Structures are given as C-alpha cells and as structure tokens.
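Visitor: One letter stands for each residue in the lines below.
There are 2 protein chains.
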Amino acid sequence: MKYERLERAVVDQNLAAMSEWKLGADGISISKSFKFRNFVEAFSFMTEAALAAEKFDHHPEWFNVYSRVDVTLSTHDAGGLTEQDFRLAKAMDKAATRRAS
Amino acid sequence: MKYERLERAVVDQNLAAMSEWKLGADGISISKSFKFRNFVEAFSFMTEAALAAEKFDHHPEWFNVYSRVDVTLSTHDAGGLTEQDFRLAKAMDKAATRRAS
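In the order they appear, the protein sequences are chains A and B.
To convert a position in the first sequence, counted from 1, into my numbering, add 107.
To convert a position in the second sequence, counted from 1, into my numbering, add 107.
Just to be clear, a hint being listed does not mean it is correct.
Derived pair list, reagent style DSSO-like, types lysine-lysine, alpha-carbon separation capped at 30 Å [said to hold, decoys possible]: (1) A:Lys201 <-> B:Lys201; (2) B:Lys142 <-> A:Lys109; (3) B:Lys129 <-> A:Lys197; (4) A:Lys129 <-> B:Lys197; (5) A:Lys139 <-> A:Lys197; (6) A:Lys139 <-> A:Lys162; (7) B:Lys197 <-> A:Lys201; (8) B:Lys139 <-> B:Lys129; (9) B:Lys129 <-> A:Lys162; (10) A:Lys139 <-> B:Lys139; (11) B:Lys139 <-> A:Lys162; (12) B:Lys201 <-> A:Lys162; (13) A:Lys142 <-> B:Lys197; (14) A:Lys139 <-> B:Lys142; (15) A:Lys109 <-> A:Lys162; (16) B:Lys197 <-> B:Lys162; (17) A:Lys142 <-> B:Lys142.
A few chain A residues facing chain B, derived, Cβ under 8 Å [said to hold, decoys possible]: (18) Ser126; (19) Val147; (20) Glu161.
Quick caveat, the hints were computed from the structure, so don't treat them as lab data.
Because the structure is a prediction, the values reported are computed rather than measured.
Beta carbons: idealized from backbone N, C-alpha and C, even for Gly.
Chain A on its own, in the form it takes in the complex (with noise of 0.2 Å):
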C-alpha cells in the first residue's frame, strides 16, 4: 500500500498530540530520543518497536548507546511523513511507556 504525504498542517496537529517528538530541520522526518533505566530496558523497548515496524512494514533509523535510543522516522518513498510515521511513532511511545523510568 502507497502512503501519501501529510500536508504540514498535518503534520503539525499530530505532533501537537504527541509528546516529545519533533520535527526535523528538513521537515521530512520526526526524531525522539528516549532514555531508560539500562541496556536491557533500551533494548527491551527496541525489540518491541522492531516487531511493530516489521508489521507495519516502516522501520526506524535509530542510535542506540546503553540506556538511551534516538528514533527518526520518515517515509522515503513518499519524500516526508506519512501516516506510517506517525503509526510507529505512537506505538514506539506505547513500548516506552511500559518501561517507563
């Protein structure tokens, strides 16, 4: 299935419901950082994110070093943010928040 591009007020509205995610200098892409108790919470919370990203069929571009996870996501295919961004980023969210520190 072929996502289209969100128009920025779009945009804009689902970042206003979320929290802590923001736009990219590029206005293509959504970045958060997130920061756990350790690795295993870290890497806990990425296998999760992993499995909603292989089922969705969007992934992540993430850095992971020890407790910390920096997410940026973005629909290549459409050259900005779809709703498949936003879907993951919700459910990234939802991963964290049960290992919430």
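Please build the complex by placing chain B on the supplied structure of chain A, with the hints as guidance.
Guide: Showing chain B alone in chain A's frame:
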C-alpha cells in the same frame, strides 16, 4: 573488573586478524558496518549481539537503518580500546556470519 587500555601495537595486531573493523580517526574506537538481507536479519543480529553485550557488561554504540547496522566500540572507562572491545567485536562477527547474505 577493570580492563587496561591496549597498546597501539596490540590494537593493530587484533585488527589485522579481523575482517573489516577499522580504527577510528580518534584512535580510541573501532567501527564496522554490517549489511544483511533485510530488517529481520539485521535485528536478529542485533539481538544476538545485545545478549553478548549484556553478558560481557560491555555495550556498543550502534545505528540501524533497515538492513544495515553500523557499530562503534570503545571502552570509555579506560579512555581507549581494551580486550572487552575485541571480545564484543568477535562475538558480533560470529553473529553476523550466521546470517551471512
């Protein structure tokens, strides 16, 4: 257990015996980019590497996008490279070999 920073000659010797690991420009880290068939194989590699990292109590800095995993290893407490870095690097190479494309 405290690991001692390795002499440069020992670092070079270790690197010479390994495949594709490169010494960072800073001289205190080693890096390698792993490539897999898809996200599932890449994340499966990361999972095996995460278990080794936790077992060794020595964790990577790593970036993943789809089928690629870029890894950087260093021992911050020692201000450079220690046996721990090469131990984890070898475990990662072994994990990657099992998923060779």
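Visitor: Compare the structure with each hint and give your call.
Guide: Results for each hint:
1. A:Lys201 <-> B:Lys201: Violated: Lys201 (chain A) and Lys201 (chain B) sit about 33 Å apart, past 30 Å.
2. B:Lys142 <-> A:Lys109: Cα-Cα ~26 Å, so holds.
3. B:Lys129 <-> A:Lys197: Not satisfied, since the Cα-Cα distance of roughly 37 Å exceeds 30 Å.
4. A:Lys129 <-> B:Lys197: Violated. Lys129 (chain A) to Lys197 (chain B) sits at ~37 Å, over the 30 Å cutoff.
5. A:Lys139 <-> A:Lys197: The given pair, whose Cα atoms are some 11 Å apart, holds under the 30 Å limit.
6. A:Lys139 <-> A:Lys162: 21 Å, holds
7. B:Lys197 <-> A:Lys201: 35 Å, violated
8. B:Lys139 <-> B:Lys129: Roughly 6 Å separates the two Cα atoms, so the pair holds.
9. B:Lys129 <-> A:Lys162: Violated - the C-alpha atoms of Lys162 (chain A) and Lys129 (chain B) are around 35 Å apart, more than 30 Å.
10. A:Lys139 <-> B:Lys139: Distance ~25 Å between Lys139 (chain A) and Lys139 (chain B) Cα, so the pair holds.
11. B:Lys139 <-> A:Lys162: 28 Å, holds
12. B:Lys201 <-> A:Lys162: 28 Å, holds
13. A:Lys142 <-> B:Lys197: Measuring from Cα to Cα gives roughly 28 Å; hence the hint holds.
14. A:Lys139 <-> B:Lys142: 25 Å, holds
15. A:Lys109 <-> A:Lys162: 15 Å, holds
16. B:Lys197 <-> B:Lys162: 14 Å, holds
17. A:Lys142 <-> B:Lys142: 27 Å, holds
18. Ser126: 23 Å, violated
19. Val147: At 6 Å from the nearest chain B Cβ, Val147 (chain A) passes the 8 Å test, so the hint holds.
20. Glu161: 6 Å, holds
Comparing the model with each earlier hint shows violations of hints 1, 3, 4, 7, 9, 18; every other hint is respected.
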